[in-house]
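Work out the full structure: start from the sequences and follow the hints.
Taken in sequence, the protein lines are chains A and B. Letter 109 of the first sequence, counting from 1, is numbered 109 in the numbering used here, and no numbers are missing. Letter 41 of the second sequence, counting from 1, is numbered 41 in the numbering used here, and no numbers are missing.
Derived lysine-lysine pairs resembling DSS-like cross-links, with alpha carbons at most 27 Å apart:
id: 1; chain 1: A; residue 1: Lys106; chain 2: B; residue 2: Lys428
id: 2; chain 1: B; residue 1: Lys42; chain 2: B; residue 2: Lys448
id: 3; chain 1: B; residue 1: Lys448; chain 2: B; residue 2: Lys428
id: 4; chain 1: A; residue 1: Lys65; chain 2: B; residue 2: Lys466
id: 5; chain 1: A; residue 1: Lys395; chain 2: A; residue 2: Lys454
id: 6; chain 1: B; residue 1: Lys448; chain 2: A; residue 2: Lys27
id: 7; chain 1: A; residue 1: Lys395; chain 2: A; residue 2: Lys325
id: 8; chain 1: B; residue 1: Lys353; chain 2: B; residue 2: Lys295
id: 9; chain 1: B; residue 1: Lys353; chain 2: B; residue 2: Lys107
id: 10; chain 1: A; residue 1: Lys27; chain 2: B; residue 2: Lys428
id: 11; chain 1: B; residue 1: Lys107; chain 2: B; residue 2: Lys36
id: 12; chain 1: B; residue 1: Lys166; chain 2: B; residue 2: Lys353
Counterexamples of contact, computed for chain B against chain A with all Cβ distances above 12 Å:
id: 13; residue: Ala200
id: 14; residue: Ser228
id: 15; residue: Pro445
Hints are computed from structural coordinates only; laboratory data are not their basis. For clarity, every value in this text was computed on a predicted model and none was experimentally measured. Don't be surprised by glycine CBs; every beta carbon is placed ideally from N, CA and C.
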Amino acid sequence: MGQVALLATLFAPFLGSIVLLFIPNRKPLLVRAVAAASAGTALLASLYVFMAYDPDQGGFQFITKWAWSEELGIGFHIGVDGIGAPLVFASAILLFAGIFISWHIKDRTKEFYIFLLILAAATIGVFMSLDLFFLYFFYEMSVLPMYVLLGIWGSHTKGYLSMTDEEGRKLRDSVGFILNFGANSKEYAAMKLTLFLSAGAVFALMGILLIYHFSPVQTFDILVLREVAHFDGTLAIIIWLLVFFGFASIAPIWPLHSWSPVGHAAAPAATSMLHAGVLMKLGHFSIIRVAYEILPETTRELMPIAAVLCVFSILYGGFVAYFAKDTKYVIGYSSSSHMGYVFLGMAALDYISLTGAVIYMFAHALATGMLFAMAGWVYDQTHTRDIPSLGGLVKNMPFLAGAFIIACMASVGMPGTVNFIAEIMIIVGAWEKYPFQVVVAVLGIVLTMAYLFKMMRGLFYGQMSPEYAHARDTSQWVDRLPLLLMIGCSIFFGIFPMHFYNVVRSTVVPMLDRINQVAPLVTQNTTGLLP
Amino acid sequence: MTFDLTLSSSDLLLLAPEIFLTIWLCVVLAVDFTYKQIDHEKLAYLSVGGVIATLINLIWFDYTGVEGALFKDMFVLDGVAIFFKILVLISTALVLLASIDYVKSFKFFRGEYYFLVMMSALGMMFMASAQDLLSVFVTLEFSTFGFYVLVAYLREDQKSSEAGLKFFILGVFAAGLLAYGISLVYGETGTLVFSEMASAPGSIGLAIGFIMIFAALGFKIGAVPFHSWIPDTYQGAPTPVTAFLSIAPKGAALAILIRMFYVALATFKPTWVLLFVVASIVSMTYGNIVAIAQKNIKRLLAYSGIAQIGNVMIGLAAGTKRGSDAILFYLLTYLFANLGAFAVVIGVSNLIKSDEIEDYNGLNRRSPFLAAAMLLFLLSLAGVPPLAGFIGKLYIFVAAIEQELYTLLIVGLINIVISMYYYLVVVKKMYINEPHDPTPLSVSPPLKAVIFVGIAGTLLLGIYPKPFIDWAAAATLMFSNIAAPTASAPAVLTSLAGG
Chain A
1 MGQVALLATL FAPFLGSIVL LFIPNRKPLL VRAVAAASAG TALLASLYVF
51 MAYDPDQGGF QFITKWAWSE ELGIGFHIGV DGIGAPLVFA SAILLFAGIF
101 ISWHIKDRTK EFYIFLLILA AATIGVFMSL DLFFLYFFYE MSVLPMYVLL
151 GIWGSHTKGY LSMTDEEGRK LRDSVGFILN FGANSKEYAA MKLTLFLSAG
201 AVFALMGILL IYHFSPVQTF DILVLREVAH FDGTLAIIIW LLVFFGFASI
251 APIWPLHSWS PVGHAAAPAA TSMLHAGVLM KLGHFSIIRV AYEILPETTR
301 ELMPIAAVLC VFSILYGGFV AYFAKDTKYV IGYSSSSHMG YVFLGMAALD
351 YISLTGAVIY MFAHALATGM LFAMAGWVYD QTHTRDIPSL GGLVKNMPFL
401 AGAFIIACMA SVGMPGTVNF IAEIMIIVGA WEKYPFQVVV AVLGIVLTMA
451 YLFKMMRGLF YGQMSPEYAH ARDTSQWVDR LPLLLMIGCS IFFGIFPMHF
501 YNVVRSTVVP MLDRINQVAP LVTQNTTGLL P
Chain B
1 MTFDLTLSSS DLLLLAPEIF LTIWLCVVLA VDFTYKQIDH EKLAYLSVGG
51 VIATLINLIW FDYTGVEGAL FKDMFVLDGV AIFFKILVLI STALVLLASI
101 DYVKSFKFFR GEYYFLVMMS ALGMMFMASA QDLLSVFVTL EFSTFGFYVL
151 VAYLREDQKS SEAGLKFFIL GVFAAGLLAY GISLVYGETG TLVFSEMASA
201 PGSIGLAIGF IMIFAALGFK IGAVPFHSWI PDTYQGAPTP VTAFLSIAPK
251 GAALAILIRM FYVALATFKP TWVLLFVVAS IVSMTYGNIV AIAQKNIKRL
301 LAYSGIAQIG NVMIGLAAGT KRGSDAILFY LLTYLFANLG AFAVVIGVSN
351 LIKSDEIEDY NGLNRRSPFL AAAMLLFLLS LAGVPPLAGF IGKLYIFVAA
401 IEQELYTLLI VGLINIVISM YYYLVVVKKM YINEPHDPTP LSVSPPLKAV
451 IFVGIAGTLL LGIYPKPFID WAAAATLMFS NIAAPTASAP AVLTSLAGG
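In C-alpha cells form, the structure reads like this:
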C-alpha cells in the first residue's frame, strides 16, 4: 500500500501532464480539473506516505526497485526516509495549492499546467530517489520546465527597460554577487536561472561520476554505495566539494544565490511557490542524500564551510530584503536568507539541529508558498509589485490581509506555527558548536520581522492610491482553498508536531551516528545489498 | 594477393540486404522513367517500402545472428556492421518520408531524387561493412558521390550550387588524402586488411598514413579542424538532404573509424587516444561557441552537429568496449533527435519559406505541435532528462571516467551548459516571443509521421533505454579484448621522437 502510494505520488502528476496533452486548449475548465485531480491524487497519496511512515522502524521505507540497466548499474530505486517523506508531502501540498493559485491563467492554460506538473513531479522524484542516476535525472528534469514557465507566464520587474542610475547606465537586476550583467526582463531571469542551475548540476554530476568510478561496485545505488564505498584523502575532498557546491547552488548558498531572487521575481505565482518552496530544498536534500550518506567522514570535516557561508546568506539576504521595494524580491531574498538557517542546522551535525533543519524546510515551504501566492494575487489585481506605490489594500482585501499576517507570522516563526518548532530546534541544536552563527540567526529573525512587517504595512495599510480601487479580495473558494490549506498545515503541524518530529528523528539519528562515528561505517549485512 | 571471387549461395545471403536495395533502387528509377506522369509521392512510398523491407531483413539477421566475411575480409557482416546499416536505413526511410513535401518544390528531376538518396544509403551500408582500406576508399566515394549531386540539387538556387561546389572540392581533396594515406599504410605494412595490420610495427610512414586517413574520415564526420564545409553546405543544401547528411554519413564513417582504430591500431592505443582527446575537446568547444552566434537554424544545427561529434569522439578517446557501446547508443539518440529537429525545420520552411531563427518567433502559437516537437528534440540534443540525449551523454561520460579522462570529462560537462544556451534561445523564440504573423501552420501527414517517430525514439531511448543499451553492447562484443589498455610506450610516438 505504501509502495503504491509512493508511486502514485510520483506518477500522478506525470500522468496528468500526459492526459493534458490530449485535451484541447479551448476547454480550460477540463484542463484545470485534470490538473487538480492529478495533483489531488498526489497530495492524498503523499499524505498517506507521510502518515504511514513508521518512525519506530526508521530507515528507508516503501521501497520499489526495478532494474533499469544492469550494463551501467542503474536501477529505478525509490523509497523515502524520514527526510524524504515530509519533503514529498510539502511538494504535493505546494503543487496542489499552485494549481488553484494559477486558476485564472488564460494564456495557454494547458501548456502551463503541463509544465507545472512536470516540474512538481520531478522535484517529488528527487525526494524519493535512492539511485544517484535518478536523483540527477529528476534534478535536471526539474530545472528545465522553470525556463518555459518563467519565460512565458512570468512578469518583468516594473519598468525594467527604463531603470538607469544617475549616469544613465542600465541598472543591474539585483545586488547579487556573480554574473549580474543583464536587464531585469523575465527572459533574462529564466535564462540565468536555467544556466546557473545546470552549471551547478554538471558539477554535481562530475562528483557523482567520480563516486561511481571509485566505488568498489560499479553502481549508482545509494543504499549500496553508502555501505561499500569509502573515499578518503584528496579524492574525498574533491568529490565532496563538487557535490556540495553543485547542489548548494540551487539551495542557494551565498555567493551562488544571485539567480534566485531574479528568478522568483520573474516567475508566475505558482512557480515561485514551487521554486522557493521545494525546488530550493532539492539542494539541501541532495547534499544530505549524497554527501551525508556516502561521504560521512568528509562531511564531518568540511561541513564548517557551510557554517561560515550561512552567516553571509542570512545577513545578506535579510538586509537586501529589508531595502528591496519589490514584493517578490523581498520574499525571494527572505527565502535566500532563510535557507541559511537550514545550512546552519545541517552544519552543526547535531541531531536536534538537523531535525530542525528538515522541519524548517517543510515549514519554510508552506510559509513562503503562502507569501508568494498572496504577492501573486496582489500583482494580478494591481499589476504592480512596487511596494511604495501600493497601500491600504486591507479595505479591499480583508481576507487576504488576514492571511498575509498569518503568513508573515509563520515566516517569522511565531509559536503555533511549525516554523517556530523548526527555528527553535536549529538554534538550540547549533548553539554548542556555532554560538556566533546562532547569534546571527537570532538577529536574522529580528530582521525577518522587520522586512516582512514593513512590506505588510506598505501593502495593506496607509493610504490607498485610487487607481487600485478596483482591486478585489479572494472571494471564490478556488482562490481561498490553497491559502487555507497551507495555513492549515502550518498550524496543524505547529500544534501537533510529534509524529513529524519522530519521523525525521528516526532517520537523522542513525545518519549522524555514522557521521560522528558513533556507529561503525560498515554494517554487517551488506551481502544482501550487493547486486 | 589473389582474389577469389567464386561465391556460394550462403555467401550471397550476407549480401542480401545490399542486393535487394540495389534491385529496388533500379526499380524505382525504371518506374520513374517508364511512367513519366507518375505521382512522385507514390515513388517516395515505393522507395520507403524498399528501405523498410531491407531494414526488416537486417533486423532478422541481427536476431538470428547471421555473421560472416566475404571477398577476403573486404566485406564483413558482424554486429557493428548490422547496427550501422540499421542506423543508416532508419535515417534513409525517415529522410525519404520527410522529403515528400519538399520535393514538390523542385521543378525537375523528382524521381531521381529518391534514387540518389537510396544510392547514397547503399554506399553507406557498404561503408559499415568495410574491413579493409581498399573497400574503405571505394565505399566512401560511392556514398559521397550521391551526396555531391543531392547537395547541389536546387540548381536555380545559388546557395545550393555554392554548397555543392564547396562540398565537392573539399570532398575530393579528402578523397585524395585518403588515397595517399592508404598508399602510405600499404607501403609500410604490405597489407590492406585491418586485422593484419594489427601486428605491424610502428613507423613514421604508418603514423602519417593513418593521420591522413583520419583527416579524410574527420571530413566525413565533420570534426574540427575538418569541418569548414559543414555550415555552408548544410545551409545551402535542400533541407532533407541536410538532414540526411547530418546523420547517416557520420554514422557510416564512425563505423570505419571504430573498426580502424580498434582493430588495426589497437597496439597504438595510447597515441590515438591523445588524438581523439584533442579532436574531441576542440570540436565540442568550437561547435558550441560558434553555434551561439548563428541566425539560421540550419547553420545552428550544423554547428551543434560539430559539437555532438565532439561528444561522440569522447567515446573513441576512451578506446574501450564501453566507449564503442556508448558511441553506438549515442548515435541512436542523435539520429532521432537530430532528424526530428530537421523534420521540424523542413515543416516550417515548407510553410513559411524561411530558415531564419527569427522566423520561429511564436511558433508555439502558430503550431503547438511543431513547437513542442522542436522543444523535445532540442532539449534531447542538449542532454536534458528524461530525453534520449541525456542517457547518451551519460553513457559516454561513464565510458570516459572509466578511463579517467578527467580533462575531457570536465570540458564535456561544461559544454553541456554552453550548448543549453543556444538551444534555449531557439526555445525562447518559439515559446516566449510573439509571432510576426499569427496564421496557424499545419503539417502534412508524412512529415508528421517522421516527427512522431522522432518523438517516440527520443522518449523511448530516454525512459527505457535498456534494450538499446543491451543491443549496442551485444553488437560490439568483438571489441571485448580491447578493454585492457596496452601498457607499453606508444610506439608511434617513440618512432616520431627518436626516428
